[in-house]
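Those sequence lines, one after another, are chains Z and L.
The numbers in the first sequence follow numbering that gives the first Met the number 0, run straight up by one, and end at 301.
The numbers in the second sequence follow numbering that gives the first Met the number 0, run straight up by one, and end at 301.
Possibly wrong hints are sitting among the right ones.
All copies of an identical chain are treated as equivalent in the list; a pair is satisfied when it fits inside any one copy or across any two copies.
With a straight-line cut-off of 27 Å between C-alpha atoms, the simulated DSS-like cross-links for lysine-lysine are [what the hints assert, rightly or not]:
hint : residue 1 : residue 2
1    : Lys293    : Lys211
2    : Lys188    : Lys294
3    : Lys14     : Lys184
4    : Lys294    : Lys135
5    : Lys184    : Lys294
6    : Lys184    : Lys106
7    : Lys71     : Lys195
8    : Lys211    : Lys14
9    : Lys294    : Lys195
10   : Lys211    : Lys21
11   : Lys158    : Lys195
12   : Lys188    : Lys293
13   : Lys184    : Lys63
14   : Lys211    : Lys75
15   : Lys293    : Lys135
16   : Lys60     : Lys195
17   : Lys106    : Lys60
18   : Lys157    : Lys195
19   : Lys188    : Lys152
20   : Lys104    : Lys80
21   : Lys157    : Lys14
Hint data in this document are derived by calculation from the structure and do not stem from the laboratory.
Number of protein chains: 2
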Amino acid sequence: MSVLVVGSVAFDSVKTPFGEVKDALGGSGTYFSVSASYFADVCLVAVVGEDFPDEHLNMLKSHKIDISGVEKRPGKTFRWKGYYEFDLNTAHTLDTQLNVFADFKPKLPENYRDCEYVFLANIDPELQALVLDQVKNPKLVACDTMNFWIEGKLDALKKTLERVDMLIINDGEARELANEPNIVKAARKIIDIGPKTLIIKRGEYGALMVDKDSIFSAPAYPLEFVFDPTGAGDTFAGGLMGYLSSNGTANEGVLRQGIIYGSTMASFNVEDFSLNRLRTLSRDEIDTRFRFFKKLTHFEDL
Amino acid sequence: MSVLVVGSVAFDSVKTPFGEVKDALGGSGTYFSVSASYFADVCLVAVVGEDFPDEHLNMLKSHKIDISGVEKRPGKTFRWKGYYEFDLNTAHTLDTQLNVFADFKPKLPENYRDCEYVFLANIDPELQALVLDQVKNPKLVACDTMNFWIEGKLDALKKTLERVDMLIINDGEARELANEPNIVKAARKIIDIGPKTLIIKRGEYGALMVDKDSIFSAPAYPLEFVFDPTGAGDTFAGGLMGYLSSNGTANEGVLRQGIIYGSTMASFNVEDFSLNRLRTLSRDEIDTRFRFFKKLTHFEDL
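Bound-form chain Z, shown alone (with noise of 0.2 Å):
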């Protein structure tokens, strides 16, 4: 089955500690497509500005993404410049331009309609629920946001997590969004607003997935050495979602592969900058590091 896609894709320049990218690849349609493709058929809608080279695109084409949806506008293309401190938790933004992304309409091509897993990045809700109205029959949808929609369009927001089966968020904005400092509180209240599933992204804290019924807890894979955390969030959500739309179904024991899996894409994704370790991944090595993943946390019952 296929996994849709609308986000951004975008030149980021980037600093951390241990080195800088200037308009590297970058964007969470972009880390989302690579990363799902692993598992699955990705169909991607995005714009970008006739600044895009080619280059681009034919990596995303020797993905097998879908890149039919990718509009190419007159004007440049969505730019983000921003750091890391040493800690390298924090991305401080020095610079947004929205661009060709300030007049994003998602259409969907009609081959895209049949999607049956869809995730909305983190854009305007109201762009993420023009996007639902489009998809026929989807038979999961999750969608990410941010602080910037919580405080500047939250009941948009709402209206948006009234028609998702699952919110993947980072930590802070849980809490933000249930006003709720309390992690699992704070889960319950968002669940009562619409998503069956939350997933809470802790970084390099793994992540935390709360239902109705119940709890799974997540590591991240204990790297010595980060990069660039830039599109770790959406290369997590890629894995997690290719690998449910792979299985064509997503019960308990599947999601919690797919968010090992996740956490096993968004572990690769920091260890280099933009997309280049991304991109070059096998199978083999993936599935490696996801066995990694159980040792990591395996004790015997009592």
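Add chain L to chain Z, keeping to what the hints say.
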């Protein structure tokens, strides 16, 4: 086998967003002892003042904790006063009165010297060394420390660390001790100082165990109500060391289970002020929560 612990017995005045207590029973030695007592015989070395009521000593005795090493001296008992903000992750100290603890020179009763499992709670590293001079042939020595000693007595601390098998500290302390922001690299550097095993406490994110050959990641119990985190670290260490002692071995499998027991005990402790929750537990309740950890982390391997 018996566990020996050297630490503080204190009166804590604590305020959290959910309430407050004044001069409630606390101290690293107290939390550790009661927690460990659910698994093993415990020998406590500490000092209290004349103001320390028999009621508290009787509570310790009722948990079959040997208190012949608890010295009562002229003066007042150690007092700590602090508060927690809404996120409950950081303790803010308002007042510390060392009182009789200022001249504490741990002296082990004869029958304590054969204890095979030893825990040196967070006290002056020179006093920790003094305790090690008095034990005969310990099977496993673990210790705790804090930024105060890392910054003020680093040489003495390193000398103590050369003599211990296991260091149990929190996230920030590990990074500070190793002068390294990456936690896995920090762990390797600390292991080079002496301890074979490093256990990193991460509060609501669980614990990480690192030794030369393997890494184990344990989550925290997802609590909806956290009242007071005071003593969680020592309660964790108590559950862990008590379990190791009851097994008479600390092989990899037992260590991993011990960390889960430690996490289990800590999760109970933070549900109420002082030792209110900790001292009324049953082994059944403890084992039920242990088993929950198994469900919390379970996923099928490939």
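How the hints compare with the structure:
1. Lys293 with Lys211: The answer is both: 25 Å in one copy and 18 Å across copies each meet 27 Å.
2. Lys188 with Lys294: Classified as between; 23 Å across copies, 33 Å inside a copy.
3. Lys14 with Lys184: So Lys14 and Lys184 pass the 27 Å test across copies only (21 Å; inside, 36 Å).
4. Lys294 with Lys135: neither (41 Å within a copy, 36 Å between copies)
5. Lys184 with Lys294: between (30 Å within a copy, 19 Å between copies)
6. Lys184 with Lys106: neither (37 Å within a copy, 47 Å between copies)
7. Lys71 with Lys195: Answer is neither: 36 Å inside a copy and 57 Å across each miss the 27 Å cutoff.
8. Lys211 with Lys14: Neither. Shortest intra-copy (41 Å) and inter-copy (32 Å) distances fail the 27 Å Cα cut-off.
9. Lys294 with Lys195: Answer is between; shortest inter-copy Cα gap is 19 Å, intra-copy 29 Å.
10. Lys211 with Lys21: Close neither inside one copy (44 Å) nor across copies (38 Å); limit 27 Å.
11. Lys158 with Lys195: within (15 Å within a copy, 53 Å between copies)
12. Lys188 with Lys293: between (31 Å within a copy, 25 Å between copies)
13. Lys184 with Lys63: neither (41 Å within a copy, 37 Å between copies)
14. Lys211 with Lys75: Cα proximity of Lys211 and Lys75: none, with 44 Å in one copy and 51 Å across.
15. Lys293 with Lys135: neither (37 Å within a copy, 39 Å between copies)
16. Lys60 with Lys195: neither (33 Å within a copy, 49 Å between copies)
17. Lys106 with Lys60: within (20 Å within a copy, 72 Å between copies)
18. Lys157 with Lys195: within (14 Å within a copy, 50 Å between copies)
19. Lys188 with Lys152: within (18 Å within a copy, 47 Å between copies)
20. Lys104 with Lys80: within (23 Å within a copy, 57 Å between copies)
21. Lys157 with Lys14: For Lys157 and Lys14, neither the intra-copy (34 Å) nor the inter-copy (35 Å) Cα distance is at most 27 Å.
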